[in-house]
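Enquirer: My numbering runs 278 ahead of the 1-based position in the sequence shown.
Check each hint, because a few of them may be wrong.
Claimed, not checked - Each computed PhoX-like pair below joins lysine-lysine, with the alpha-carbon atoms no more than 25 angstroms apart: (1) Lys879 with Lys776; (2) Lys284 with Lys526; (3) Lys526 with Lys473; (4) Lys284 with Lys532; (5) Lys810 with Lys884; (6) Lys473 with Lys508; (7) Lys418 with Lys473; (8) Lys532 with Lys660; (9) Lys743 with Lys810; (10) Lys810 with Lys777; (11) Lys810 with Lys768; (12) Lys879 with Lys839; (13) Lys776 with Lys627; (14) Lys810 with Lys839; (15) Lys493 with Lys508; (16) Lys526 with Lys477; (17) Lys699 with Lys810; (18) Lys577 with Lys508; (19) Lys493 with Lys388; (20) Lys824 with Lys575; (21) Lys886 with Lys810; (22) Lys824 with Lys777; (23) Lys508 with Lys526.
No lab work stands behind these hints, which were simulated from the structure alone.
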Amino acid sequence: MADLGKIRNFGICAHIDAGKTTVSERVLYYTGKIHKMGEVHEGTATMDYLEEEQQRGITITSAATTCPWERFGSEYTLNLIDTPGHVDFTIEVERSMRVLDGAVVVFDGKEGVEAQSETVWRQADRYRVPRICFINKMDKLGADFFFSYNSILERLGAPAVPVQIPIGASNTFQGIVDLITMRAFYFETEELGSKITEKDIPADLLDQAKQWRHKLEEKAAELDDHLTEKFLMEQPLTEEEIRGALRKGVVAEKIHPVLCGSALRYVGVQRLLDAVVDFLPAPNELPDVAGTDQHDKTKHLTRPHDPTAPFSGLVFKVVADQHGDLTYTRIYSGRLDKGCRVLNSNNGKREIVSRIYEMHANHRIARDSAEAGDIVALVGLKNSITGETLCDQDHPIVLERMEFPEPVISMSIEPVSQGDKEKLALALQTIRREDPSFQSHFDDETGQTIIAGMGELHLEIITHKLVRDLKVPVNVGRPRVAYRETISTKAEARGLHKKQTGGRGQYGDAIVTVEPFTEEQATAEELDFTDKIAFDNQVVQGRIPKEYIPSVEYGARMAAKSGVLGGYPAINIKISLIDGSYHDVDSSQIAFELAGSLAFKEACKKAKPQLLEPVMKVVVTVPEEFLGAITGDLNRRRAIIVEQEQRGNTRIVTAEAPLSEMFGYATTIRGLTQGRASYAMEPLAYRPVPHNIAQEVLEGEKVGAK
279 MADLGKIRNF GICAHIDAGK TTVSERVLYY TGKIHKMGEV HEGTATMDYL
329 EEEQQRGITI TSAATTCPWE RFGSEYTLNL IDTPGHVDFT IEVERSMRVL
379 DGAVVVFDGK EGVEAQSETV WRQADRYRVP RICFINKMDK LGADFFFSYN
429 SILERLGAPA VPVQIPIGAS NTFQGIVDLI TMRAFYFETE ELGSKITEKD
479 IPADLLDQAK QWRHKLEEKA AELDDHLTEK FLMEQPLTEE EIRGALRKGV
529 VAEKIHPVLC GSALRYVGVQ RLLDAVVDFL PAPNELPDVA GTDQHDKTKH
579 LTRPHDPTAP FSGLVFKVVA DQHGDLTYTR IYSGRLDKGC RVLNSNNGKR
629 EIVSRIYEMH ANHRIARDSA EAGDIVALVG LKNSITGETL CDQDHPIVLE
679 RMEFPEPVIS MSIEPVSQGD KEKLALALQT IRREDPSFQS HFDDETGQTI
729 IAGMGELHLE IITHKLVRDL KVPVNVGRPR VAYRETISTK AEARGLHKKQ
779 TGGRGQYGDA IVTVEPFTEE QATAEELDFT DKIAFDNQVV QGRIPKEYIP
829 SVEYGARMAA KSGVLGGYPA INIKISLIDG SYHDVDSSQI AFELAGSLAF
879 KEACKKAKPQ LLEPVMKVVV TVPEEFLGAI TGDLNRRRAI IVEQEQRGNT
929 RIVTAEAPLS EMFGYATTIR GLTQGRASYA MEPLAYRPVP HNIAQEVLEG
979 EKVGAK
């Protein structure tokens, strides 16, 4: 049985281009998993194994691997997940965060906290993931450790403390000073960093190192009552005491140690691995995993991180493979043997685990069993998708699911030949199973298949995947915005469905009110807010029999899916069923479904419906001389500039812009700034479309992104 205290499940996450995959490559090299380091810019990185990733030099899917690391004479098992930085693949970060015990957040030494750094930090906050910070690229021109450290304090509001400071910066960067041991470490570039020389701290850095050591001791003392006393008595703290206090603080999310280095120049990665072992929690140091009863969602259950407890695990990723789907699973409790049967507690189906693999990017190592703390890929599961729970058949539990972002962009897609129609439907089903942030549906009115995702790049990659990997040649339409509809006031309407055609007729009568509603209000009133629609039954004295109430709700919810303005889904609405009537013979569930649908549509027409559009947060980094061109262009795109920040001779412009105005922005920004500006964009909120533009959209786009 593995010692749970010797396992670390952690991920590497960051803004795009901060150097996550390069850090992962160095980790694999120094832990002996690979004997030749790959480089992202050469398209040879182990963790970027998809052809698309190698061509573009970006990470698209999260890759998992397991590697050993020795610390203080003990061997530890590190389960590492390298995640993408690009916002279009945010689902990959989301699902990785859900199953990790800790994270290393990588920052660019010159840029500090960037737009996507804030997003991944918030995701880690949401899943309560303890983390340490690594300020990378200290060899880059303009790198500044203390600027980057301050941006973590100010922009993330994070309780961070340096445990290392750099020796030099940019072209003078040579090594690091460890503030816990108060020693200097130099890494030999010619030896690919595997030879490390330990020396005394350089004289010109000694005073600075002592100041930061004092701050580190102060922080450690705040985290441990026993050390507070020692610190106040001005007694020196030992290395073990500082490490112990920081570990306690990291596990409780009260502190984030900050390290530095340059993965590309082989500096600081081994010390980062030591910090992973020293500070990030083992599975058994975390609270028991929480869940609910399979049949009663109000009954809370827990499972300890213990191989002897009943088995429970969470599916966090499904990858289609010609030999059967690989179902990536994090095991929280118990033991899983090859060939055993497990229960999917979300859908009640039983599954057979025919094979268990330990993954190393796209290579697999067969295992006979896996237990609490392991992250493995299972083969043989037919009915389990991302976010579902696998558990012991006799001890069911449903673990907390993940939140999946709503798609913001869509386009039409059709097979080149009619014969490929069925092939396309199956291929899209495969992609949907793999990627929950991707959606597709068939539009009966136009006969087109519509695919929807998180951004232009996301849909482009999916189209390439269809053509190259799944061998379905397709034609694609131009991207469309995923508009939504809502209402701006309260209204009431009656839906009466009545038909008498000899024999048994149909009779359903429902009176509903609709009003604007938010997720916070739904939580406060304990109402189900599925698809951002709440339903409240207020019918008294049996005016409508109980068995017909769900039919009214179903009819109203179905009507909400196609809205009342332009066929876009309606959101942020509360439907209250307040009255109605029925017929002893002619009433049926279908009649009340139709009554619910009619009442909802009629009420929404009276409630001043309005069109909503996705608004993006756009962060542009631009040299000073092109600032005017960029702000002028953003204003033309209906963007609101919310913040401008000066960093040296560059400006960081933060704006909120409608997605419909941002298509092709990458090309425009290159033209306006001679290719010297960069930008990041992520979904922010749905907001009302100005009246004149709404009219154009509704007239010109009778069929939109539904």
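Enquirer: For which of the previously enumerated hints does the structure constitute a violation, in increasing order of number?
Expert: As far as the earlier hints go, 3, 6, 8, 9, 10, 13, 16, 17 and 18 are violated by this structure, in ascending order.
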